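Chemist: Between the sequences and the hints, there should be enough to build the whole structure, so can you do that?
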Amino acid sequence: MGDWKTITVPAPSSVLDSKNTSQYTSEKKMSPSSLNMQQVLRLPLPSSKSTHSFFSAFCTEENVEQSISYLNRELTTLGFPSLYAESKGKELNLISILNCMNELLVLQRKNLRAQEDVEMQHLKLGSDMDHLQNCYAKLKEQLEASKREIVGLQERDRQLQCKNRNLHQLLKNEKDEVQKLQNIIASRATQYNHDMKRKEREYNKLKERLHQLVMNKKDKKIAMEVLNYVGRVDGKRGGWRTDKTEARNEEEMYKALLRDYEQCQKQLLVENAELRKVLQQMKKEIISLLPPQKQKPRERSEDGIGPVLSDLEDDVGELNKENMWELSCETVREQLTNSIRNQWRMLKNHVEKLDNQVSRVHSGALTDKDVISREDHELETEKLELEIQHCKEMIKTQQQLLQQQLMSPCDDDTTVLLQDCYLLEERERLQEEWKLFREQKKNFEKERRSFTEAAIRLGLERQAFEEDRGTWLKQQFLSMTCDSKYLENVKTQSATSGSSDQDNHLMNTRSQQKKPRSLSSVPTSAELCQTIQHTPYSSPCAISNKTTEESKPNQWEEIYREETE
Amino acid sequence: MYKRGIVQVWSLEQPDWHCKIDEGSAGLVASCWSPDGRHILNTTEFHLRITVWSLCTKSVSYIKYPKACQQGIAFTKDGHYMALAERRDCKDFISLFVCSDWQLLRHFDTETQDLAGIEWAPNGCVLAVWDTCLEYKILLYSLDGRLLSTYRAYEWSLGIKSIAWSPSSQFLAIGSYDEKVRILNHVTWKKITEFEHPPIIANPKIIVYKEVEKSATVETQKLSFPPTRELASSLFSIPSKYDISQVPMSLQYIKPVADRANPRIGIGTLAFSPDNCFLATKNDNTPNAIWIWDIQKLKLFVVLEQLCTVNSFQWDPRQPRLAICTGNSKVYLWSPAGCVSVQVPMEGDFQVLSLCWHSGGDTMALLSKDNFCLCYLEREEVK
Numbered sequence: 001m002g003d004w005k006t007i008t009v010p011a012p013s014s015v016l017d018s019k020n021t022s023q024y025t026s027e028k029k030m031s032p033s034s035l036n037m038q039q040v041l042r043l044p045l046p047s048s049k050s051t052h053s054f055f056s057a058f059c060t061e062e063n064v065e066q067s068i069s070y071l072n073r074e075l076t077t078l079g080f081p082s083l084y085a086e087s088k089g090k091e092l093n094l095i096s097i098l099n100c101m102n103e104l105l106v107l108q109r110k111n112l113r114a115q116e117d118v119e120m121q122h123l124k125l126g127s128d129m130d131h132l133q134n135c136y137a138k139l140k141e142q143l144e145a146s147k148r149e150i151v152g153l154q155e156r157d158r159q160l161q162c163k164n165r166n167l168h169q170l171l172k173n174e175k176d177e178v179q180k181l182q183n184i185i186a187s188r189a190t191q192y193n194h195d196m197k198r199k200e201r202e203y204n205k206l207k208e209r210l211h212q213l214v215m216n217k218k219d220k221k222i223a224m225e226v227l228n229y230v231g232r233v234d235g236k237r238g239g240w241r242t243d244k245t246e247a248r249n250e251e252e253m254y255k256a257l258l259r260d261y262e263q264c265q266k267q268l269l270v271e272n273a274e275l276r277k278v279l280q281q282m283k284k285e286i287i288s289l290l291p292p293q294k295q296k297p298r299e300r301s302e303d304g305i306g307p308v309l310s311d312l313e314d315d316v317g318e319l320n321k322e323n324m325w326e327l328s329c330e331t332v333r334e335q336l337t338n339s340i341r342n343q344w345r346m347l348k349n350h351v352e353k354l355d356n357q358v359s360r361v362h363s364g365a366l367t368d369k370d371v372i373s374r375e376d377h378e379l380e381t382e383k384l385e386l387e388i389q390h391c392k393e394m395i396k397t398q399q400q401l402l403q404q405q406l407m408s409p410c411d412d413d414t415t416v417l418l419q420d421c422y423l424l425e426e427r428e429r430l431q432e433e434w435k436l437f438r439e440q441k442k443n444f445e446k447e448r449r450s451f452t453e454a455a456i457r458l459g460l461e462r463q464a465f466e467e468d469r470g471t472w473l474k475q476q477f478l479s480m481t482c483d484s485k486y487l488e489n490v491k492t493q494s495a496t497s498g499s500s501d502q503d504n505h506l507m508n509t510r511s512q513q514k515k516p517r518s519l520s521s522v523p524t525s526a527e528l529c530q531t532i533q534h535t536p537y538s539s540p541c542a543i544s545n546k547t548t549e550e551s552k553p554n555q556w557e558e559i560y561r562e563e564t565e
Numbered sequence: 566m567y568k569r570g571i572v573q574v575w576s577l578e579q580p581d582w583h584c585k586i587d588e589g590s591a592g593l594v595a596s597c598w599s600p601d602g603r604h605i606l607n608t609t610e611f612h613l614r615i616t617v618w619s620l621c622t623k624s625v626s627y628i629k630y631p632k633a634c635q636q637g638i639a640f641t642k643d644g645h646y647m648a649l650a651e652r653r654d655c656k657d658f659i660s661l662f663v664c665s666d667w668q669l670l671r672h673f674d675t676e677t678q679d680l681a682g683i684e685w686a687p688n689g690c691v692l693a694v695w696d697t698c699l700e701y702k703i704l705l706y707s708l709d710g711r712l713l714s715t716y717r718a719y720e721w722s723l724g725i726k727s728i729a730w731s732p733s734s735q736f737l738a739i740g741s742y743d744e745k746v747r748i749l750n751h752v753t754w755k756k757i758t759e760f761e762h763p764p765i766i767a768n769p770k771i772i773v774y775k776e777v778e779k780s781a782t783v784e785t786q787k788l789s790f791p792p793t794r795e796l797a798s799s800l801f802s803i804p805s806k807y808d809i810s811q812v813p814m815s816l817q818y819i820k821p822v823a824d825r826a827n828p829r830i831g832i833g834t835l836a837f838s839p840d841n842c843f844l845a846t847k848n849d850n851t852p853n854a855i856w857i858w859d860i861q862k863l864k865l866f867v868v869l870e871q872l873c874t875v876n877s878f879q880w881d882p883r884q885p886r887l888a889i890c891t892g893n894s895k896v897y898l899w900s901p902a903g904c905v906s907v908q909v910p911m912e913g914d915f916q917v918l919s920l921c922w923h924s925g926g927d928t929m930a931l932l933s934k935d936n937f938c939l940c941y942l943e944r945e946e947v948k
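Chains as they are written, first to last, in this note's numbering: chain U, 1 to 565; chain Z, 566 to 948.
These aren't lab readings, by the way, just hints derived from the structure by calculation.
A quick note: this is a predicted structure, and the numbers were derived from the prediction, not measured.
Some clues are possibly wrong.
[Stated by the list, open to error] Taking lysine-lysine and the BS3-like style, the derived pairs with C-alpha atoms no more than 30 Å apart in a straight line are:
{"no.": "1", "chain 1": "U", "residue 1": "Lys255", "chain 2": "Z", "residue 2": "Lys642"}
{"no.": "2", "chain 1": "U", "residue 1": "Lys175", "chain 2": "Z", "residue 2": "Lys745"}
{"no.": "3", "chain 1": "U", "residue 1": "Lys277", "chain 2": "Z", "residue 2": "Lys862"}
{"no.": "4", "chain 1": "U", "residue 1": "Lys207", "chain 2": "Z", "residue 2": "Lys862"}
{"no.": "5", "chain 1": "U", "residue 1": "Lys197", "chain 2": "Z", "residue 2": "Lys656"}
{"no.": "6", "chain 1": "U", "residue 1": "Lys197", "chain 2": "Z", "residue 2": "Lys629"}
{"no.": "7", "chain 1": "U", "residue 1": "Lys435", "chain 2": "Z", "residue 2": "Lys756"}
{"no.": "8", "chain 1": "U", "residue 1": "Lys435", "chain 2": "Z", "residue 2": "Lys755"}
{"no.": "9", "chain 1": "Z", "residue 1": "Lys820", "chain 2": "Z", "residue 2": "Lys642"}
{"no.": "10", "chain 1": "Z", "residue 1": "Lys864", "chain 2": "U", "residue 2": "Lys266"}
{"no.": "11", "chain 1": "Z", "residue 1": "Lys755", "chain 2": "U", "residue 2": "Lys255"}
{"no.": "12", "chain 1": "U", "residue 1": "Lys277", "chain 2": "Z", "residue 2": "Lys756"}
{"no.": "13", "chain 1": "Z", "residue 1": "Lys820", "chain 2": "U", "residue 2": "Lys175"}
{"no.": "14", "chain 1": "U", "residue 1": "Lys266", "chain 2": "Z", "residue 2": "Lys755"}
{"no.": "15", "chain 1": "U", "residue 1": "Lys207", "chain 2": "Z", "residue 2": "Lys623"}
[Unchecked claim] Footprint (simulated), chain U over chain Z, 3 or more residues, beta carbon under 8 Å:
{"no.": "16", "stretch": "619-633"}
{"no.": "17", "stretch": "685-694"}
{"no.": "18", "stretch": "876-888"}
In this text, a Cβ means the ideal position worked out from N, Cα and C, and glycines have one as well.
Modeler: Have a look at this one:
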């Protein structure tokens, strides 16, 4: 292509031609693109004159054949058909020449177009490249800027952290200093105390010394001149100071103290009574608020709170009837607070149940269907909200009722506020008391059970004891009236008869009495009973002596066997 | 006459009667009457002892080791018992005496570092004992010597400056160096409230009375020579009246000197009104102001701001009327109905340094350095 270029280039005028050729020959080394550009620029320029000169430059009249053969050679190498006719003569094939020319022209046009395209693309690429370079430059700048910013922020962060650390350090130092100063103060305080004590001891010694001096002086200067004696305030004469008077003084002191305490107690009682009244009113209010709940507690009574509640209701009735709040015994107080507590608990449970119902309704709707429609959900929520509002209004009315009950006719803001505070305080206090009373109630029930058991045991013991006592008295009586021998006889005779009765009696007494110490008295008591029973029959029983002697050891054996068991 | 060690007694009913007690070399530091008016208790110099002189029997008793403190002797209101603070071997003791025959009833030690004062409750059954100002501690003892309760508000800072019992013995007000008054109740001996004394009053519900000077107009026509007494006095002193100030307002605050002992800060004086409705306090940081608290509501009620420093104030023993003196020639009265400033009609300069109400309630004595003046209050008018 370089040759082709060098040939086609020459400019119209001879000067131009030479310039061009020189240019083009020198331009062989330039880039193809620039050459192409210049060719593109240059090619349309040549006018008819220049074409003429252009053509004449290559082929003159002398080297026609040479130029033809050269052209032929070139064309054939390019793939075109030969210019010559088939014979190797010098006849030119006009058709092939024309064809070749046409082909060359077509080729030329194609090349031009391709060149144009390439140049367009080249331009586009160039502009893209510029654009990208600009973007790149901008981004680079941005990157730089952000890097700088980061560095700046990091620096600031570091500085702030430093400052923070310093402040922490300062704080710690200050705290240490404060601690140190406090320690110093404490130590100084002890030091001062010690010094003070020392100085005081010294001072006391001086005082003692001075006192001695003053007393010793016995100067007559210390005197009192009175015109006449002034009578005592109460008009009586002074009395000697004796133990009696001392005791009386002590008594007076204690009397004064007791008077004061009694007064205090009276005031507290009055306060107590007022609070009790308030509790009563509250109870009434709560009862009035719980009309639908009366059935429910009865249901629940079956669960086991039954006896307690029924007792409570009875007691409530009693309390309401008898003005029991004027009494201040503990059981009444407990009952009152217990009843209020229970009723409050019922109210609370009612409210909780409402809440549960609300939540159950909500959750119940969910479990029925897997997916609820939005409208259903909203309907449900509206219903629930209405219910909640209703409950809230109820609670508000209850509160208002309570407040009205407690409000005095004064219109002052502060007293109303104070009373509200009192109500809240009372409520809180009541809640605390209820907890205590719950525990106490449990304890009392336990104790009650143990006490009933003990009472049963006591009753049995008492029975046995009464029997013992009776027999012992009888024995005493007998010992007074009969002599010992007769008693022995009576004993042996009586021991014989009624063995079965004896046994039964023995067994009965044994079974009733659990304590071992009374066992020893069983035979004797049994014998005594029988002696008393059988004394009138002593004479006819002489025959049965032998049998008794035999049976007696049996009895004793039985007794011993039972004892060992 | 402390310097000469002589006490002179006169009778109001019998002008001829006269008594003179000479302590001689023992010296005299303090002297006071016993409640029955028949004994005089003299405290000798260095608080060596207290001599009890009886006017009935001309006898003398001595009490050793009395404590040298601000308020070492206290009599119960009914005058039956006397409490005396003593100190032996670096420990404080209290001795209770029966005033009728001076028998020692009880003697017990107190848990104080350095007892500063004692005071009986008006019901005569509780004795309040408080410690030195270096420690905030108040102990309450019953009449028979048992410790009922102890109260400590805080540690380390300066403590109690003054206390006051309410007339019903229900409340005990304790004023301390931290400019607060704490009120204890008699049932549990625990604090029920505390009153603060900030120099700026912001609550619009509080009434503030400020004493302002009336512009003195001397009418030249009335001038005469020699000047009449009233004119003379009015020339020497400027009349004043009370104005109601707008709230919020700030009081004159004096910053105390930091490195001196007994600084002028804290609640220095407290007094309950006889009907138990009001408590008047004076904060030494704002020495021109008197704070009156409503005890029924436990809130600040009125603040009175004077032109000069308040010297002393005292409640009328019968009704809620407070008399105040500030060292000038006026006496000020406050009652829930209002307050008034009264000029003392004396010739020359009469500086009212202290005042004292008569127990009947309608008379008070105004004392200056060398003179005193009796002031009678007639119903609504003041003479």
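Chemist: If a hint holds in the structure, say so; if it does not, say that too.
Modeler: How the hints compare with the structure:
The hinted pair formed by lysine 255 of chain U and lysine 642 of chain Z meets the criterion: a straight-line CA distance of about 16 Å does not exceed 30 Å. For the hint pairing lysine 175 of chain U with lysine 745 of chain Z, the CA-to-CA distance comes to about 28 Å; that is within 30 Å, so the pair holds. Between lysine 277 of chain U and lysine 862 of chain Z, the direct Cα distance comes to roughly 24 Å. Compliance with the 30 Å bound is thereby established for this hinted pair. A hinted pair counts as satisfied when its Cα atoms are at most 30 Å apart, and lysine 207 of chain U with lysine 862 of chain Z does not qualify at roughly 51 Å.
For the hint pairing lysine 197 of chain U with lysine 656 of chain Z, the CA-to-CA distance comes to about 10 Å; that is within 30 Å, so the pair holds. Between lysine 197 of chain U and lysine 629 of chain Z, the direct Cα distance comes to roughly 19 Å. Compliance with the 30 Å bound is thereby established for this hinted pair. At most 30 Å may separate the alpha-carbon atoms for a hinted pair to count; lysine 435 of chain U and lysine 756 of chain Z meet this at roughly 27 Å. Using a Cα cut-off of 30 Å, the hinted pair lysine 435 of chain U and lysine 755 of chain Z holds, with the two alpha carbons roughly 25 Å apart.
About 38 Å separates the Cα atoms of lysine 820 of chain Z and lysine 642 of chain Z, which puts this hinted pair outside 30 Å; it is violated. Restraint check for lysine 864 of chain Z and lysine 266 of chain U: satisfied, since their Cα atoms lie roughly 28 Å apart, inside the 30 Å limit. Straight-line distance between C-alpha atoms of lysine 755 of chain Z and lysine 255 of chain U comes to about 26 Å, which keeps the hinted pair within the 30 Å bound. Taking the CA atoms of lysine 277 of chain U and lysine 756 of chain Z, the gap is about 28 Å. The hint holds against a cut of 30 Å.
This hinted pair checks out: lysine 820 of chain Z and lysine 175 of chain U have alpha carbons roughly 27 Å apart, not beyond 30 Å. Taken as a hint, the lysine 266 of chain U and lysine 755 of chain Z pair is honoured in the structure, with Cα atoms around 21 Å apart against an allowance of 30 Å. At roughly 27 Å between alpha-carbon atoms, lysine 207 of chain U and lysine 623 of chain Z fall within 30 Å of each other, so this suggested pair holds. Residue count for the stretch 619-633 of chain Z with a Cβ under 8 Å from a Cβ of chain U: 6. That meets the three needed, and the coverage hint holds.
Given as covered by chain U, the stretch 685-694 of chain Z passes the check, having 3 residues with a CB less than 8 Å from a CB of that chain where 3 are the minimum. Figure legend: the stretch 876-888 of chain Z, annotated as covered by chain U; annotation inconsistent (0 residues with Cβ-Cβ distances under 8 Å, at least 3 required).
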